[in-house]
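Here the protein sequences line up with chains A and B, keeping their order.
Using the working numbering, you'd call the opening residue of the first sequence number 1415 and step up by one each time.
Using the working numbering, you'd call the opening residue of the second sequence number 558 and step up by one each time.
Keep in mind the hints are simulated off the structure, nothing from the lab.
Treat the numbers as computed from the prediction; the structure is a model and nothing was measured.
Glycine is no exception: its CB is placed at the ideal position from the N, C-alpha and C atoms.
Certain hints may be false.
Taking lysine-lysine and the DSSO-like style, the derived pairs with C-alpha atoms no more than 30 Å apart in a straight line are [said to hold, decoys possible]: (1) B:K689 to A:K1426; (2) A:K1822 to A:K1841; (3) A:K1993 to A:K1924; (4) B:K559 to B:K684; (5) B:K694 to A:K1426; (6) A:K1993 to A:K2007; (7) A:K1822 to A:K1812; (8) B:K689 to A:K1641; (9) A:K1924 to A:K2007; (10) A:K1483 to A:K2007; (11) B:K694 to B:K563; (12) A:K1779 to A:K1822; (13) B:K559 to A:K1550; (14) A:K1641 to A:K1657; (15) A:K1822 to A:K1657; (16) A:K1483 to A:K1657; (17) B:K559 to A:K1426; (18) B:K768 to A:K1426.
Derived CB-CB ranges, DEER-like [said to hold, decoys possible]: (19) A:Q1556 to B:V651: 15 to 23 Å; (20) A:L1470 to B:L578: 47 to 55 Å; (21) A:T1467 to B:G664: 42 to 50 Å; (22) A:R1444 to B:G664: 45 to 53 Å.
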Amino acid sequence: MNLPLDSGLPAKTAFLRVGLWTVFLLFALRLFYLQVLHGDYYRTLSENNYTRTIVLRSPRGMLLDRNGKVLCRNRVSFSLVLDAARGGSIDETISAMRRILDFTMDRAQVDAALRRSPVASLAVLARDVPPSWLQKIEAHQQELNMLRIEMELRRDYPYGLYAGHALGYVGLLSPEDAERMKIKETDPFIEVGKSGVEKTANVRLMGVNGRRTAQVNSLGREVEDPKLRLPGVGIQEDPVPGKPLNLNLDMDLQTILENAFAGETGSAVFMNPNTGEILAWVSEPEFNPNLFSGTVSASAWKDLVNDPARPLLNRPIQGAYPPGSTFKPFVALVGLQEGLLSASTVFTCGGVWDYGGHPFHCWSKGHGTIDLITAIQNSCNIYFYHAGDRIGIERLDKWGRLFGLGRKTGVDLPGETSGVLGSPEWKAKRGLGPWYPGETLPVSIGQGYLTVTPLQLLSFYSTLATGGTRYRPRLISGPPEVLSTVEVSPEALGVVKEGLARVVSSGTGKGCQIPGVEVCAKTGTAQVVQASSGKNTYSLDKAERDHAWIAGFAPRSNPTVAFVVMVEHGGHGGDVGAKIAKAGLEYLFLGKKPGEVIGPPKPPSASPPPLAEPEIPTDLPPEVPPPPPEQPTPEGIPQGTLQDQNGPAGVRP
Amino acid sequence: MKNTLKAYIAYGDHLTTLLFLVLLAGGAVMVRSATFGTKFAPLAERQTTWCVVAIAAYVLATLVPYEVWIEYSYILYGLCIVVLLGVMIFGHSVAGSRSWFVLGPVGFQPSELAKVAAALAGAGYIKDLSHKVIGIKEFSILTGIIALPMLLTLLQPDFGTATTFLPMILAAFYLSRMGLSQILKWAALAAALGGVVFVLGWFTFFKPYQKERVLTFLNPASDTRGAGYQVHQARIAVGSGELTGKGLYSGTQNRLNFLPAPHTDFIFGVICEETGFLGAVALLAIFFALLGRFLSTLLVARDMEGRFLVLCAFSVILYHLFINVGMVIGLVPTTGIPLPFLSYGGSSLVGLSLFVGLAANVRAHRFVR
Chain A
1415 MNLPLDSGLP
1425 AKTAFLRVGL
1435 WTVFLLFALR
1445 LFYLQVLHGD
1455 YYRTLSENNY
1465 TRTIVLRSPR
1475 GMLLDRNGKV
1485 LCRNRVSFSL
1495 VLDAARGGSI
1505 DETISAMRRI
1515 LDFTMDRAQV
1525 DAALRRSPVA
1535 SLAVLARDVP
1545 PSWLQKIEAH
1555 QQELNMLRIE
1565 MELRRDYPYG
1575 LYAGHALGYV
1585 GLLSPEDAER
1595 MKIKETDPFI
1605 EVGKSGVEKT
1615 ANVRLMGVNG
1625 RRTAQVNSLG
1635 REVEDPKLRL
1645 PGVGIQEDPV
1655 PGKPLNLNLD
1665 MDLQTILENA
1675 FAGETGSAVF
1685 MNPNTGEILA
1695 WVSEPEFNPN
1705 LFSGTVSASA
1715 WKDLVNDPAR
1725 PLLNRPIQGA
1735 YPPGSTFKPF
1745 VALVGLQEGL
1755 LSASTVFTCG
1765 GVWDYGGHPF
1775 HCWSKGHGTI
1785 DLITAIQNSC
1795 NIYFYHAGDR
1805 IGIERLDKWG
1815 RLFGLGRKTG
1825 VDLPGETSGV
1835 LGSPEWKAKR
1845 GLGPWYPGET
1855 LPVSIGQGYL
1865 TVTPLQLLSF
1875 YSTLATGGTR
1885 YRPRLISGPP
1895 EVLSTVEVSP
1905 EALGVVKEGL
1915 ARVVSSGTGK
1925 GCQIPGVEVC
1935 AKTGTAQVVQ
1945 ASSGKNTYSL
1955 DKAERDHAWI
1965 AGFAPRSNPT
1975 VAFVVMVEHG
1985 GHGGDVGAKI
1995 AKAGLEYLFL
2005 GKKPGEVIGP
2015 PKPPSASPPP
2025 LAEPEIPTDL
2035 PPEVPPPPPE
2045 QPTPEGIPQG
2055 TLQDQNGPAG
2065 VRP
Chain B
558 MKNTLKAYIA
568 YGDHLTTLLF
578 LVLLAGGAVM
588 VRSATFGTKF
598 APLAERQTTW
608 CVVAIAAYVL
618 ATLVPYEVWI
628 EYSYILYGLC
638 IVVLLGVMIF
648 GHSVAGSRSW
658 FVLGPVGFQP
668 SELAKVAAAL
678 AGAGYIKDLS
688 HKVIGIKEFS
698 ILTGIIALPM
708 LLTLLQPDFG
718 TATTFLPMIL
728 AAFYLSRMGL
738 SQILKWAALA
748 AALGGVVFVL
758 GWFTFFKPYQ
768 KERVLTFLNP
778 ASDTRGAGYQ
788 VHQARIAVGS
798 GELTGKGLYS
808 GTQNRLNFLP
818 APHTDFIFGV
828 ICEETGFLGA
838 VALLAIFFAL
848 LGRFLSTLLV
858 ARDMEGRFLV
868 LCAFSVILYH
878 LFINVGMVIG
888 LVPTTGIPLP
898 FLSYGGSSLV
908 GLSLFVGLAA
918 NVRAHRFVR
């Protein structure tokens, strides 16, 4: 037992005992530090690990036409989101993304996406990605830790191009939008209307996102585990869906009119004059709002912006054109109201009128001595030069203001331009010098210092139809809104209406005769370039051809529809314009649906078209392009003194 | 037999037995919690089975007088060396290293048993010494006995397990005829030498993942996603347990897969998370009580070979404990060393049970001449 062993054993053992205590105390102190002193800090970290706030996205309200046809709905889409707060390297994520998802994006694009997002650190990298990415990202959890796939609801416009300008489009909320609209958002997938009724009715269409806190595992997958009921998990706020929006549009009429344009550029608006309900809103070329139903690929955007036909221009309210002869009924009405003209007032047209040494031409070699109704019917320029000269620019300006010409109509669409109704006051304000009496003459035939939007002209004809009550044109259904009432004498109205009825029965508007319905309308041919004077407009290059107008209402007594059609460079209003107007009127009065071409060319697709590759959102904000300048410099209009040119003679009806 | 049992009841190391059983039970419970609801859930049953095997091994190691074990130690040692050689050829390959024998559903790591065999063989060598003093020559031979299976383990290659042989060499060194002060001088020298080797190794033979572990250990916040992920998540698990823990089966870091390897290397993280500071310290107290018991046995052991066995058990278990707990609580870089008796794994459990059993055996036979 007492072997002569190492005599130092007790000391060695004691040393080990001290060492043992040291290690124990070291461990215990470390645990105390981590668990007791910093326990709440680590508890928070562990809670952050297992809780995730899941956004319950609210669907945006549907758009419906007056017959309940779905013009816009929502579809499910998968999007790729980068969460920069999740730790890791963006550059490594980019290279892993290229390797694993075969998806190439450079650092600048990712940074741009981060800047564009209303939520700091969250960026939408791509939308409409293949669902297979979901598994791929989960399978490469470590490398693609910053990425995740989110399901979102996107706009789907089943009619595609049809009524694109009326409906408008949506885009992802930008930080600027968020600030302007006072939206505090934690979801990068908020879409806001950028044009059309999508923009006008944005607040109503937008719902409120709900949210839910879920318990997730390390893969980010939601897990239900009754043993782990944890504080903060399971809280749910239900989303409030956006309200559906009923529009006044009649999609059948819309389709018929758009098809009737057959590739021409221009506008057509049909409206119920008694309520201001817009039945059709054509702005050709239309754009396909599906292209924008989120973000636009850079190339698609450039194509739209650079397209010489300017498809983003909402022509009925953003195109300001000289109204041409469609303006003559206004001049006639002002003359009648002011007592300066009567049905029996006659002037003689010899094809040209020498005014202060300057020749003003009629489109005809001479209409002879004619009265007012015949002048409207035949669209005699000389007659209206005389009439305008007698009335004077001040009275035209006064009545123009009452009828809202050269003013915004207040339609429920964004980006309306006002056009110009020239007056001495207007000219002086622009520093263009005094008003020359000779400048009243071109205005009298709808040229000169005068541009209107198609909707303004429609508003005027609609007011003729109601006998003076002006309604706000509205795409969104609701009670009618009277803008103002113009005091017009029934006699004066009767004379103008007679003239308009004759235009259709035996004048330049024969093209829109409808059996059994007396249509009142006036055609117009607005000169685009000086060169067209006296030439056959169809012999000119398309870009130099005159604009074709037709505007009117029907039936003559108790009108139910007012319309305007304007075809850019369409030639004579009585030809192409009347044909389009007729297609619409035939549908409205005869229930005629020409040919097979009702509805969109392809049936509304139930699912989104499979994209060849996911789209990358771009920096370009899908905003309405700036409207053309309100100051008209109508081609073929005297800019200097009258001596410098031949005058806007020879304007065809 | 009857006498043996009587003696066992009279002189057996019941405190060690008790502590050992508590640790086994804790392991069985924690492995269950750490695998609950995962694909590893069947391992909980298997661990319970291994506990029965471990108890059997412990009983065997305590009942058979340790001089009998030592008598057969060379045969056991030889067998183990043969098996270690065999496993390198016929073993089951996991992640590039052959360290397992697989028989049906049961896998076994022979290197765990080889450790015990090496300790017994070392004791056998000491027993055969006439002077019973460990000098330079004796220490070299003891080192050789331990180093042979260690090198074979290293060749599998299983670096982590190989290092668990080292504490036994230190045990031999500690028991040498040198006094404490002399040993401490050597220890200081070794520490300096180790530092030099580390620096040299850093620029020569360290593998990238090894360097990464050291770096993340030194600065765990540097990369909480890559190499630092495990360390970071383990620390969250430990800290979020707070004073009293989240409750068994209720550790979110464990149950929601944030904690890596929760039933093996990081089981102490589960313990910290689910039983809190109180549970973790209680567990440590049991471990250190057991180790303290070994130290008192060291003083009363009747012979040198007995002391060697006790000190081997002491150093091997302390090494495991220090490295594993230190790793989980962020005091030591990440290594693949399991927590004795609690981490899932039959070979390690049986091997360490034999060590505890032998230590208890030495105490039980302290009066036997």
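Do the hints match the structure? See the list:
| no. | hint | result |
| --- | --- | --- |
| 1 | B:K689 to A:K1426 | 18 Å, holds |
| 2 | A:K1822 to A:K1841 | 19 Å, holds |
| 3 | A:K1993 to A:K1924 | 10 Å, holds |
| 4 | B:K559 to B:K684 | 28 Å, holds |
| 5 | B:K694 to A:K1426 | 21 Å, holds |
| 6 | A:K1993 to A:K2007 | 14 Å, holds |
| 7 | A:K1822 to A:K1812 | 16 Å, holds |
| 8 | B:K689 to A:K1641 | 59 Å, violated |
| 9 | A:K1924 to A:K2007 | 20 Å, holds |
| 10 | A:K1483 to A:K2007 | 17 Å, holds |
| 11 | B:K694 to B:K563 | 41 Å, violated |
| 12 | A:K1779 to A:K1822 | 38 Å, violated |
| 13 | B:K559 to A:K1550 | 67 Å, violated |
| 14 | A:K1641 to A:K1657 | 40 Å, violated |
| 15 | A:K1822 to A:K1657 | 28 Å, holds |
| 16 | A:K1483 to A:K1657 | 16 Å, holds |
| 17 | B:K559 to A:K1426 | 38 Å, violated |
| 18 | B:K768 to A:K1426 | 35 Å, violated |
| 19 | A:Q1556 to B:V651: 15 to 23 Å | 21 Å, holds |
| 20 | A:L1470 to B:L578: 47 to 55 Å | 53 Å, holds |
| 21 | A:T1467 to B:G664: 42 to 50 Å | 43 Å, holds |
| 22 | A:R1444 to B:G664: 45 to 53 Å | 34 Å, violated |
Violated hints for the displayed structure, listed by number in ascending order: 8, 11, 12, 13, 14, 17, 18, 22.
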